[in-house]
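Participant: Oh and the first sequence: position 20 is 90 in my numbering, straight run, nothing missing.
Among the hints, erroneous ones may be present.
[Said to hold, decoys possible] What follows is a list of derived Cβ distance ranges for each label pair:
#1 Gly117 to Arg179: 28 to 34 Å
#2 Gly169 to Gly117: 19 to 25 Å
#3 Ala129 to Arg179: 26 to 32 Å
Simulated from the structure, these hints should not be mistaken for laboratory data. Backbone N, C-alpha and C define an ideal beta-carbon position, used for all residues, glycine too.
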Amino acid sequence: MSKLPVYTFRDKNFSESFFELVFAVVRLVPYGRVSTYGAIAKYLGTGSSARMVGWAMNASHIVEPPVPAHRIVNRQGLLSGKMHFETPTRMEELLQSEGIEVKDNQVVRFKELFWDPQTEIDKLL
DNA sequence: AGTATGACTCATT
DNA sequence: AAATGAGCCATAC
Numbered sequence: 071m072s073k074l075p076v077y078t079f080r081d082k083n084f085s086e087s088f089f090e091l092v093f094a095v096v097r098l099v100p101y102g103r104v105s106t107y108g109a110i111a112k113y114l115g116t117g118s119s120a121r122m123v124g125w126a127m128n129a130s131h132i133v134e135p136p137v138p139a140h141r142i143v144n145r146q147g148l149l150s151g152k153m154h155f156e157t158p159t160r161m162e163e164l165l166q167s168e169g170i171e172v173k174d175n176q177v178v179r180f181k182e183l184f185w186d187p188q189t190e191i192d193k194l195l
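Please construct the entire structure, taking both the sequences and the accompanying hints into account.
Facilitator: Okay, here's the thing in structure tokens:
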């Protein structure tokens with residue numbers, strides 16, 4: 071019997087929708103680009119703190135359509151979530167397969183590859 | 001119910 | 001520039 075998740079966002083229960091919001095934003099991150107937990111949390115209103123985005127990523131492996139969780143790194147460009155993939159090297163491999171260079175658990179030229187939903191999505195509007 | 005623990009970040013030192 | 005402390009908030013025990 072699996073328990074149904076209930077998530078809190080700005081003092082309201084959004085059930086799965088908080089996850090869906092996070093997933094929706096993450097899925098917008100273009101191929102070959104990266105974003106951060108904090109940027110996504112901020113875009114969603116800051117009410118949920120960056121930790122909750124990482125928490126959402128934990129569940130992102132089992133949802134459809136897939137979420138490119140490997141494109142989410144911490145604000146320094148470090149692959150802080152690599153341990154949560156199938157293998158500790160999986161995240162790095164996925165990034166490099168997209169042409170993103172990774173050295174010492176860190177995304178090279180992170181600042182250029184960084185995709186900020188706040189500014190990038192606003193640009194499209 | 002209280003404490004500890006994060007796929008985090010920011011301000012301060 | 002690197003380390004530290006505080007804020008964050010759901011989960012696990």
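Participant: Run every hint past the structure and note whether it holds.
Facilitator: Now the hints, each set against the structure:
1. Gly117 to Arg179: 28 to 34 Å: Distance hint for Gly117, Arg179 holds at roughly 32 Å.
2. Gly169 to Gly117: 19 to 25 Å: 34 Å, violated
3. Ala129 to Arg179: 26 to 32 Å: 30 Å, holds
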